[in-house]
Amino acid sequence: MNEIPGDLKFLKSHEWARVEDNGSVTVGISDHAQGLLGDLVYVELPSVGDEVQAGNACAVVESVKAASDVYSPISGKVTAVNSALSDKPETINEDAYGEGWIFVVKPTNLAEESEELLDPDAYAELIESEEH
Amino acid sequence: MAQQTVLNATHRALGAKMVDFGGWDMPINYGSQIEEHHAVRAEAGMFDVSHMTIVDLHGARARDFLRHLLANSVDKLKVSGKALYSCMLNEQGGVIDDLIVYYLAEDFFRVVVNAATRDKDLPWIEQQAVNYGVKVSERKELAMIAVQGPQARAKVHALLTSATRAHAEQLGKFVACEGDGLFIARTGYTGEDGYEIIVPESRAVDFWNRLVAAGVKPAGLGARDTLRLEAGMNLYGQDMDESVTPWQAGLAWTVALDAGRDFIGRAALEKQKADGVASVMVGLVMDEKGVLRHGQRVVTAHGDGEVLSGTFSPTLGKAIAFARVPAAAGGEAQVDIRGKLVPVRVVKYPFVRNGRPAEGV
Chain H
1 MNEIPGDLKF LKSHEWARVE DNGSVTVGIS DHAQGLLGDL VYVELPSVGD
51 EVQAGNACAV VESVKAASDV YSPISGKVTA VNSALSDKPE TINEDAYGEG
101 WIFVVKPTNL AEESEELLDP DAYAELIESE EH
Chain W
133 MAQQTVLNAT HRALGAKMVD FGGWDMPINY GSQIEEHHAV RAEAGMFDVS
183 HMTIVDLHGA RARDFLRHLL ANSVDKLKVS GKALYSCMLN EQGGVIDDLI
233 VYYLAEDFFR VVVNAATRDK DLPWIEQQAV NYGVKVSERK ELAMIAVQGP
283 QARAKVHALL TSATRAHAEQ LGKFVACEGD GLFIARTGYT GEDGYEIIVP
333 ESRAVDFWNR LVAAGVKPAG LGARDTLRLE AGMNLYGQDM DESVTPWQAG
383 LAWTVALDAG RDFIGRAALE KQKADGVASV MVGLVMDEKG VLRHGQRVVT
433 AHGDGEVLSG TFSPTLGKAI AFARVPAAAG GEAQVDIRGK LVPVRVVKYP
483 FVRNGRPAEG V
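If you read the protein sequences in the order shown, they are chains H and W. Residues 1 to 132 (my numbering) make up the first sequence, in order. Residues 133 to 493 (my numbering) make up the second sequence, in order.
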């Protein structure tokens, strides 16, 4: 299994969030999630300026097999989207925690909401338990 | 507990991602289903299809029985080994299953039916067979491997003894031969040339491993689905079932209304044909980004329809689908994707021919 970077926090629905040095939060889907979906062929991105709510769907990733909503781990305003994914959605398969990021939000309630997220160990346990 | 084919441990050792498919634990891919798809289009890939149900029919009146059971006419089968694709209908003309039947001798035919429909197919076949004194034997001890792609036949030939190879090399399309303990049929479900090979379970793992060593790439059910849809081939349960007739499932070409043959469902089919068929199956191509999926609503000028099989076509790089729409619809349509109406083109299928986009697609 791929190593989960220690600076990430997770939703049970397999999205990751990383707090950057400037206080914004980068969001993507986990390596485990991309493995479940298989080859990704389409990503529907939010728009810069959208207000997103923690736990609400704000993007869609589609593999050959299935479409899956992406829920935002954190509330805030979208400040950047990874538009390179439009032409190369498979980047998420190749590098889910790096080049495969999906969007960035400027958080409005980070301290409280990040308490609700899983740390890497808890997330690793979750996917372990889902597999059995 | 899901059933396993004899190759189950082999798939796992190759790193396959396994899923439940109609009660069977089967590989969906071995890493990337798109790479597996391209391997079959460009070179050679193989699929474990041992979950499919092989049924042998023995009896002096076997041909008469099949003339009654099937909507296509086994009278087209004149040379031993020749195969025929057909629907098996109920009295209402609804499709119980689609299958391939092989003519081996006047008192011996072999049919291969779907795995997910086995439990209804076998009682149906047995019930009909009683009147003809035909013995119905399921061949559970046989495995089946489909080797498909432009290089598939050559790679198989290299593994055969010279006598069997000579036989296989001369095999016409949709014909089978036997040799080396194998039943080698030049059939498939990908639109590519190749074989579907029936092999005793006791030898299946060894045969699979020899194919791997010969450079045939293992491919999962994911690639099998995108390949068959590109090739314009129906999937039972998704594109047709007992609620529709072959007229509504793009399968008119498989129905033989030959004189004097009273097959099950014929009266219903003739009536529906005379009354006019309200809905038909068409191909859709979406030029915008996204993926067409089973169950999506199709909006046409003549009313709504529904996406049957839908997927992303690796060969075309865009979404394709079968849809059932009002018979008058044509040309342009829209598909409701998460509440947004996206334009699609209504096209003739197959979508892909000889590894390339078909004309007009």
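Be careful, since some hints might not be right.
Unchecked claim - Derived lysine-lysine pairs resembling DSBU-like cross-links, with alpha carbons at most 30 angstroms apart:
1) Lys214(W) <-> Lys480(W)
2) Lys12(H) <-> Lys106(H)
3) Lys208(W) <-> Lys403(W)
4) Lys77(H) <-> Lys12(H)
5) Lys77(H) <-> Lys421(W)
6) Lys267(W) <-> Lys405(W)
7) Lys403(W) <-> Lys421(W)
8) Lys210(W) <-> Lys267(W)
9) Lys267(W) <-> Lys287(W)
10) Lys12(H) <-> Lys267(W)
11) Lys88(H) <-> Lys106(H)
12) Lys405(W) <-> Lys421(W)
13) Lys149(W) <-> Lys214(W)
14) Lys88(H) <-> Lys272(W)
15) Lys405(W) <-> Lys472(W)
16) Lys210(W) <-> Lys272(W)
17) Lys305(W) <-> Lys287(W)
18) Lys405(W) <-> Lys210(W)
19) Lys210(W) <-> Lys149(W)
20) Lys208(W) <-> Lys149(W)
21) Lys421(W) <-> Lys106(H)
22) Lys349(W) <-> Lys252(W)
23) Lys405(W) <-> Lys208(W)
24) Lys472(W) <-> Lys88(H)
25) Lys305(W) <-> Lys267(W)
26) Lys106(H) <-> Lys77(H)
27) Lys421(W) <-> Lys214(W)
28) Lys305(W) <-> Lys12(H)
29) Lys349(W) <-> Lys106(H)
30) Lys480(W) <-> Lys12(H)
31) Lys210(W) <-> Lys88(H)
32) Lys252(W) <-> Lys88(H)
33) Lys77(H) <-> Lys349(W)
Calculated directly from the structure, the hints in this document are not laboratory data.
Cross-check of the supplied hints:
1. Lys214(W) <-> Lys480(W): Roughly 28 angstroms separates the two Cα atoms, so the pair holds.
2. Lys12(H) <-> Lys106(H): holds, 22 angstroms
3. Lys208(W) <-> Lys403(W): holds, 24 angstroms
4. Lys77(H) <-> Lys12(H): holds, 22 angstroms
5. Lys77(H) <-> Lys421(W): holds, 25 angstroms
6. Lys267(W) <-> Lys405(W): violated, 34 angstroms
7. Lys403(W) <-> Lys421(W): Violated - the C-alpha atoms of lysine 421(W) and lysine 403(W) are around 42 angstroms apart, more than 30 angstroms.
8. Lys210(W) <-> Lys267(W): holds, 21 angstroms
9. Lys267(W) <-> Lys287(W): violated, 36 angstroms
10. Lys12(H) <-> Lys267(W): With a Cα-Cα distance of about 55 angstroms, the restraint between lysine 12(H) and lysine 267(W) is violated, given a limit of 30 angstroms.
11. Lys88(H) <-> Lys106(H): holds, 25 angstroms
12. Lys405(W) <-> Lys421(W): violated, 38 angstroms
13. Lys149(W) <-> Lys214(W): violated, 36 angstroms
14. Lys88(H) <-> Lys272(W): With Cα atoms ~44 angstroms apart, lysine 88(H) and lysine 272(W) exceed 30 angstroms; violated.
15. Lys405(W) <-> Lys472(W): The hint is violated at about 36 angstroms.
16. Lys210(W) <-> Lys272(W): holds, 27 angstroms
17. Lys305(W) <-> Lys287(W): The given pair, whose Cα atoms are some 17 angstroms apart, holds under the 30 angstroms limit.
18. Lys405(W) <-> Lys210(W): holds, 29 angstroms
19. Lys210(W) <-> Lys149(W): Not OK: lysine 210(W) and lysine 149(W) at ~42 angstroms, beyond 30 angstroms, violated.
20. Lys208(W) <-> Lys149(W): violated, 41 angstroms
21. Lys421(W) <-> Lys106(H): holds, 28 angstroms
22. Lys349(W) <-> Lys252(W): violated, 34 angstroms
23. Lys405(W) <-> Lys208(W): holds, 23 angstroms
24. Lys472(W) <-> Lys88(H): Given that 30 angstroms is the threshold and the Cα spacing comes to 23 angstroms, the pair holds.
25. Lys305(W) <-> Lys267(W): holds, 28 angstroms
26. Lys106(H) <-> Lys77(H): holds, 5 angstroms
27. Lys421(W) <-> Lys214(W): violated, 43 angstroms
28. Lys305(W) <-> Lys12(H): Violated, at roughly 51 angstroms.
29. Lys349(W) <-> Lys106(H): This hinted pair is violated, its Cα atoms lying about 46 angstroms apart.
30. Lys480(W) <-> Lys12(H): violated, 44 angstroms
31. Lys210(W) <-> Lys88(H): violated, 52 angstroms
32. Lys252(W) <-> Lys88(H): Not satisfied, since the Cα-Cα distance of roughly 44 angstroms exceeds 30 angstroms.
33. Lys77(H) <-> Lys349(W): violated, 46 angstroms
Going through the hint list in order, the structure does not satisfy hints 6, 7, 9, 10, 12, 13, 14, 15, 19, 20, 22, 27, 28, 29, 30, 31, 32, 33.
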